[in-house]
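Chemist: What follows is each chain in one-letter form.
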Amino acid sequence: MYGSAYIDPNTQFEGYLAPGEDPALLAEFEARIAAGDKIEPRDWMPALYRKQLIRMIEQHAHSEIIGALPEGTWITRAPGFRRKLALMAKVQDEVGHAQLLYNAAETLGKSREDMINDLLTGKSKYSNVFNYPAMTWADSAVIAWLIDAAAIVNQLANSKGSYGPYSRALDRICAEESFHLKYGHDNVVFLATGTPKQRQMVQEALTRWWEPIMHFFGPPDNVSQHTEVLMRWKVKMDTNDNMRQMFLNMYVPKIWDLGLSLPDPDLRKNEETGKWEYTEPNWETFKQVINGHGPCNAERLAVRRMAEEKGRWVRRAILKENTPYAIPLS
Amino acid sequence: MKIKSLDPRIERAQLDSDSQEGMNSPMDQFQTYEVFEQKKRGTHHIHVGSVHAPNAELASVFAKEQYTRRGQCVNLWVVPTAAIYATAYEDADIFETTPSKYHRDPESYKVMDRIQAFKQKQNA
Ligand SMILES: [Fe+2]
Ligand SMILES: [Fe+2]
Numbered sequence: 001m002y003g004s005a006y007i008d009p010n011t012q013f014e015g016y017l018a019p020g021e022d023p024a025l026l027a028e029f030e031a032r033i034a035a036g037d038k039i040e041p042r043d044w045m046p047a048l049y050r051k052q053l054i055r056m057i058e059q060h061a062h063s064e065i066i067g068a069l070p071e072g073t074w075i076t077r078a079p080g081f082r083r084k085l086a087l088m089a090k091v092q093d094e095v096g097h098a099q100l101l102y103n104a105a106e107t108l109g110k111s112r113e114d115m116i117n118d119l120l121t122g123k124s125k126y127s128n129v130f131n132y133p134a135m136t137w138a139d140s141a142v143i144a145w146l147i148d149a150a151a152i153v154n155q156l157a158n159s160k161g162s163y164g165p166y167s168r169a170l171d172r173i174c175a176e177e178s179f180h181l182k183y184g185h186d187n188v189v190f191l192a193t194g195t196p197k198q199r200q201m202v203q204e205a206l207t208r209w210w211e212p213i214m215h216f217f218g219p220p221d222n223v224s225q226h227t228e229v230l231m232r233w234k235v236k237m238d239t240n241d242n243m244r245q246m247f248l249n250m251y252v253p254k255i256w257d258l259g260l261s262l263p264d265p266d267l268r269k270n271e272e273t274g275k276w277e278y279t280e281p282n283w284e285t286f287k288q289v290i291n292g293h294g295p296c297n298a299e300r301l302a303v304r305r306m307a308e309e310k311g312r313w314v315r316r317a318i319l320k321e322n323t324p325y326a327i328p329l330s
Numbered sequence: 001m002k003i004k005s006l007d008p009r010i011e012r013a014q015l016d017s018d019s020q021e022g023m024n025s026p027m028d029q030f031q032t033y034e035v036f037e038q039k040k041r042g043t044h045h046i047h048v049g050s051v052h053a054p055n056a057e058l059a060s061v062f063a064k065e066q067y068t069r070r071g072q073c074v075n076l077w078v079v080p081t082a083a084i085y086a087t088a089y090e091d092a093d094i095f096e097t098t099p100s101k102y103h104r105d106p107e108s109y110k111v112m113d114r115i116q117a118f119k120q121k122q123n124a
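Residue numbers (our numbering), protein chains in the order written: chain E, 1 to 330; chain W, 1 to 124.
Since no wrong hints were added, every one of them can be taken at face value.
Estimated spans, in silico, between C-beta atoms of each pair:
#, chain 1, residue 1, chain 2, residue 2, range
1, E, A31, W, K119, 49 to 59 Å
2, E, G259, W, G42, 52 to 62 Å
3, E, P253, W, K39, 31 to 41 Å
4, E, T121, W, L58, 26 to 36 Å
5, E, D264, W, W77, 44 to 54 Å
6, W, F95, E, R268, 55 to 65 Å
7, E, E113, W, P106, 49 to 59 Å
8, E, F81, W, L58, 28 to 38 Å
9, E, E113, W, F95, 30 to 40 Å
10, W, F95, E, E280, 51 to 61 Å
11, E, D186, W, K39, 23 to 33 Å
12, E, A31, W, T97, 21 to 31 Å
13, W, L58, E, G109, 23 to 33 Å
14, E, N270, W, S19, 42 to 52 Å
A short list of chain E residues far from chain W (calculated; beta carbon distances all over 12 Å):
#, residue
15, G80
16, R83
17, M201
18, Y278
Hint data in this document are derived by calculation from the structure and do not stem from the laboratory.
All C-beta atoms, glycine included, are put in the ideal place defined by N, C-alpha and C.
Next comes chain E alone, as it looks inside the complex (with noise of 0.2 Å):
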């Protein structure tokens, strides 16, 4: 469902190249880059690639896992069969896509428990959005619908970087949410097209989820040597500015064609700029829900601590001692 290149801005970034690392070496890995071919789990690359790469990829993993839940809790109460199906499929569309995700993270050399156990204890993160409740059934639909259309935006840009199977990965993940959009929209536009309790209901949702949509993409990027470095390295594939201008120019029109308002008064579009002028969320709010101090943080992980709970005892009784583990090839 998501993913991002949030910086955290406390990262010290000393030099791109770590004692010991060869300067030709980079000279090869640039030039490969700059070439528009792509890097490869075994190829050489600079720790700070690797690193950034990893914390990047399994962020993602995890907001696709833990995305699974907001939106799973309305499979038992869905509004008919049909949209039970789907939202069922959804949802394991999304787990899927985490199982990718912490393979093309596991190539870099970190293992599915450690990844998973930096899930556990918070030291890793996944995206913000996730720590709020989905309220009632408008709440699912307003997700399906704009969550994915910015994880979208996203992944459309990070499948054009530079790593191998991030790259293939994001390729499979964006052929599967075209369904997840249009089964988002054709609920809000249900909805929207509806009773007037069902319009209320719809409203309601999306001016809960303004703020956290407009935090999806993270904080403005301070313009950083270290943000350079990962541009030039194709780790990073635009600024998060610019990708939330993206989505507000293709989904700010659709949604007030519903006659559906969005809780900011200044949202316009100039148009000598061609930029979308809106209020900064408070990035305050943002900065918190991220340290742990969201609605929904603590049932998030003390849900996903459960699932692994409860399925060791089956994982144990099938585990065959002595299994040689190898990183997986791509």
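Based on these hints, arrange chain W with the ligands on the given structure of chain E.
Modeler: What follows is chain W with the ligands alone, placed relative to chain E:
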């Protein structure tokens, strides 16, 4: 502290927010298998990714769920990652050959020209 949730299933599970359970130890997620998919009879199996599984049978079940949810597939192979011997990218020069491949080009064999010339000579 007990988790309060809007989801009745989670309410019933009585989850504790201070729980430390669920931590994984090495190999809890099993070894990996590489997955090869054949889209239709008569075509090659193509590598599509990998899955974690404790044995080949389950690997093929997971591979089916993961890689064939949409679209067609008639056959799947799963191979333990450790069983694959791969060449190194840094040795890519082993695939370089002479630039001219005329000796492999069917068009470079001009038998008809020769036969025509032979016949002309005989008739002369
Ligand atoms: Fe999705
Ligand atoms: Fe997804």
